[in-house]
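Novice: We have chain A; now place chain B onto it with these hints.
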Amino acid sequence: MKRRKFLTHSTLAGAALPAAAMAQAPARATSPVTPLPLPAKTTAAAYANKRSGYSPFTVPDYYSYADDLQIERAAKGKPHQGKVLAAVQAHSDDIPLYAGGLVAKLVDEGYTAYLIRISNDEAAGKTLGYGVVQNEIDNREVAKELGCKKAFSFYYRNHRMDDCAEIEIRQRLIFLFRVLKVDTLITMDPYNHYEENPDHLVAGRAAEAACWLAGTSKDYPEHYRAGLKPVHVREKYYHARSPNGHNLVNRIVDISPYIDQKVRGNVANKGKGPAGEAGSRLRAELAKQGKKLALLGDDDDTANRQYIKHFLMEDWRLLGQRFGLQYAEAFRYIGSEGSHQANIRKYVDANAVKL
Amino acid sequence: MARADVKEIIIDRDQPGQPHKGKVFAAVHAHLDDIPLFAGGLCAKLVREGYTGYLIRTTNDEKCGGHSTAENILSNEQEHYKVGEALGFKEVFHFYYQNHEMDNISSLDLRARLIFLFRFLKVDTVVTFNPWGHGEENPDHSVTGRAVEEAAWMSGMANDYHEHMEAGIQPHPVKERYYFYARPGQTFNRIVDISSHIDRKIESIVECRSQGGGNHGSLLKAKLAAQGKRLPILGNDDRTADREYIRHFMLDGERECGAPHGFAYAERYYYIDQRGSEFTKVDEYVSKNAVAL
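Note that the protein sequences, when read in sequence, are chains A and B. In this text, residue positions in the first sequence follow this note's numbering: the first is 1, and each later residue adds one. In this text, residue positions in the second sequence follow this note's numbering: the first is 1, and each later residue adds one.
This is chain B alone, in the form it adopts within the complex:
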């Protein structure tokens, strides 16, 4: 487990009530299964605590699904809506850039679209890939993470895409970022307890049937049945089989991450908070040192 060595790791537990009421977050992923697998627990937690969430997928996922390229695009698109529903997102967006080929697109085009959405939706917080995360072999992940990081900053700058103001869409900086832990060795500085949200996370993974292992349980159940066998943990129907397969075989990382802190399940993030204090160091100095004229 690598960790950020600059600060202590923060433990983020469930908060009572809806402390984030009125705030907006955007979960931006490249593929159908990224958010469910890497950040499904956090997204469910933020929604439960009052955030309004939007789910943005940057690719068309054409390479995954086991069918023709066209059929894969359709199945991933439809499952993306279901993932959004499972995690409580208000709305789902798709950009449909070509899967596995995002390093060949104009990063400016992608960034401009994200800036537009961050401003229009008044996004306060983003959840996405760590654009500086090591060990990343999928170009779609790196490109998406970088574009989100840049857009989060630029969406607050009045001179970037000033034409948005013509439509009444104002600059709006994104001040909080959760970069997920996607590959072994990536840095993190926050552990989020997702124990009470694990069922929602599982439900979102179940919807990832074209990729992400959502239907592995029912496939195994059918395979065993053909051999005249069954696994009791998989239950008696396909939906149960899919859910329980995920719970038993696909969440080891979340269990390992939570165990040292006494949590059943946890997710790791590199968290950046740029909200700052309204009372600056200069204000502090002035309040202490200003004298009467």
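In isolation and in its complexed conformation, chain A is listed as follows:
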């Protein structure tokens, strides 16, 4: 009982008071290391991300950049009008933290978006029951803040999804992709190296496979009997998650115009993660000590937003800085493959000669 109380307090306080708490923590012993230049004739295969140290869940340790790296900037008008995206996350805080800017951007550019949460998030909360209820609410509120039309939850047990039948999760996603006519997927990179949370890998793998199988005629044909049609999810944005991870990146998305919306998406996520109401808790904690932080403003709502923007979004600012942007998110983007048949036909048309 005491230990549980201690853990709860330390988690909350850790989220609210990083600097103060860390200053009092005893330093852990480590072996001495020194920076070393790369040996001659070698090129770095991975780039270490700059970290602010303010958030446990932002950019991974390393990105490897593809040589066709692109920057996706805000588009004018509604170029994606009529298109549908599904943002699939294992937990209520995944999409808001890692891809909230991208979702807000694509919705603003015309996409209809749906947020699909795979787990029940029971592992975060005062009790398991309270955790499940709060995170259910959060998932809906996050969806609203990011501009999604609707939120779904599958409620698989949190941290235990490697015990689920992946094929059943995939079946449910195939069904939803077909019903919602999804064109584009945003989810956790299924190849997230050094990922320690099994839910992320299972969710990512199920979503990736569902994209392809939703377009085949022979998989779950009973859906077609109910009037559904095959859909081809042709675009995918995979985000990194593992704090110690190493991910391939080929697209940097400029989320500068959407940073405040991303912040609001994270404020809505109260049941878990480092965001939610951490700002107002810190403000209250300081007030008890007769102190205040100017950046937290004079009310709880401002405190929550400012805390997230100044502490939790800092790593996204540092990432943006690397590319001359105010704020950025990074993705492994997979686009439409195009038509091989059309390419062959084009060649034939250009090269066929008379007999």
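Keep in mind that the hints were calculated from the coordinates and are not lab data. Glycine included, every Cβ here is placed at the ideal spot set by N, Cα and C. A portion of the hints provided could be inaccurate.
Partial selection, computed: residues in chain A whose CB lies under 8 Å from chain B [unchecked claim]:
| # | residue |
| --- | --- |
| 1 | Pro56 |
| 2 | Phe152 |
| 3 | Ala165 |
Taking beta-carbon pairs under 8 Å as the criterion, some of the chain B residues facing chain A (in silico) [claimed, not checked]:
| # | residue |
| --- | --- |
| 4 | Phe93 |
| 5 | Leu108 |
| 6 | Asp109 |
| 7 | Leu117 |
| 8 | Asp124 |
| 9 | Trp132 |
| 10 | Glu163 |
| 11 | Ala167 |
| 12 | Ile169 |
| 13 | His172 |
| 14 | Lys175 |
| 15 | Phe263 |
| 16 | Phe279 |
Specialist: Just chain B, lined up with the frame of chain A:
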């Protein structure tokens, strides 16, 4: 003959007219020949009495047919359509799980598909294997029966696969179940008189040529002819030979089951009715005991 000892055995006779008009049943079997052999008479009877029937096969039947694995899948698939037609089913579905290996599949995947179909088709009644039937050596039968039993219940629960509602497909509980008598010693509590439906049952078995004995008559006729002989009961053409072979040699169980009750042919079932009464015990108590304030 084992029987359920909790209640009297119910005798189910032909009903005049179409008392089940508007109701839907799903006959779920693992293999091409299961429904024809174990429940062909009941299915024909339910259709005749007004039910709309759907036939669902869970495996691909790849192990049976006497040809290559691929050819077996094709022949069983095509014959399944003919079985559905012979028994009057409106539509036929195939799930194609690997034959004899269904104990290695995700039972959740199978169950979810059945829940989807039970809801979408608005199934009121299922006919399938008894998931608790003893003496079952075929894993496909046990897995199929269990999945159907669970799906029948869960299809009525709004929080299971709630995403179906997004497509306008609503929860729909399956309230009646007929579990067939597939192995000696399995329990039953209902005898269904199928005498007037025996020809339809035979026609459905005739279509089971890859497995189930549908073509045994014509094969025997050809074998005898090669020896310069013939059996008069097999008639003069292959179709007649197949039908009469089944009638004379493959329906002993149905005859034995019907005889004590004066029926030419009968099938046995463990029947479960969960329809309940609209007027509950609480309603009854309230109506008797409620007093004015």
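Novice: Hint by hint, say whether it matches the structure.
Specialist: To see whether the hints hold, each was checked on the structure:
Residue-level restraint check for Pro56 (chain A) is violated (minimum Cβ-Cβ distance to chain B is 32 Å; threshold 8 Å). Below 8 Å, beta-carbon pairs count as interface contacts, and Phe152 (chain A) has one with chain B at about 6 Å; its hint therefore holds. With its C-beta approaching chain B no nearer than about 4 Å, Ala165 (chain A) sits inside the 8 Å limit, and its interface hint holds. Proximity of Phe93 (chain B) to chain A holds as hinted, the smallest CB-CB distance being about 6 Å (cut-off 8 Å).
Given the 8 Å rule on beta carbons, the hint for Leu108 (chain B) holds: about 4 Å separates it from the nearest Cβ of chain A. For Asp109 (chain B), the interface hint holds, the least distance from its beta-carbon to any beta-carbon of chain A being 5 Å, beneath 8 Å. The beta carbon of Leu117 (chain B) comes within 6 Å of a beta carbon in chain A, closer than 8 Å, and the hint placing it at the interface holds. For Asp124 (chain B), the suggested interface contact is broken, since its CB lies about 18 Å from the closest CB of chain A, more than 8 Å.
Annotation: interface hint on Trp132 (chain B) violated; nearest CB of chain A at approximately 23 Å, more than 8 Å. Restraint check, Glu163 (chain B) versus chain A: the minimum CB separation of about 5 Å is within 8 Å; hint holds. Given hint, Ala167 (chain B) at the interface with chain A, holds; its Cβ is 5 Å from that chain's nearest Cβ, closer than 8 Å. The restraint placing Ile169 (chain B) at the interface with chain A holds, with a minimum CB-CB distance near 7 Å, inside the 8 Å limit.
A cut of 8 Å between beta carbons decides the hint on His172 (chain B): the least distance to chain A is about 13 Å, and the hint is violated. Restraint check, Lys175 (chain B) versus chain A: the minimum CB separation of about 22 Å is more than 8 Å; hint violated. Given hint, Phe263 (chain B) at the interface with chain A, is violated; its Cβ is 37 Å from that chain's nearest Cβ, farther than 8 Å. This hint is violated: Phe279 (chain B) has a C-beta 35 Å from the nearest C-beta of chain A, more than the 8 Å allowed.
Consistency note: the structure conflicts with the earlier hints numbered 1, 8, 9, 13, 14, 15, 16.
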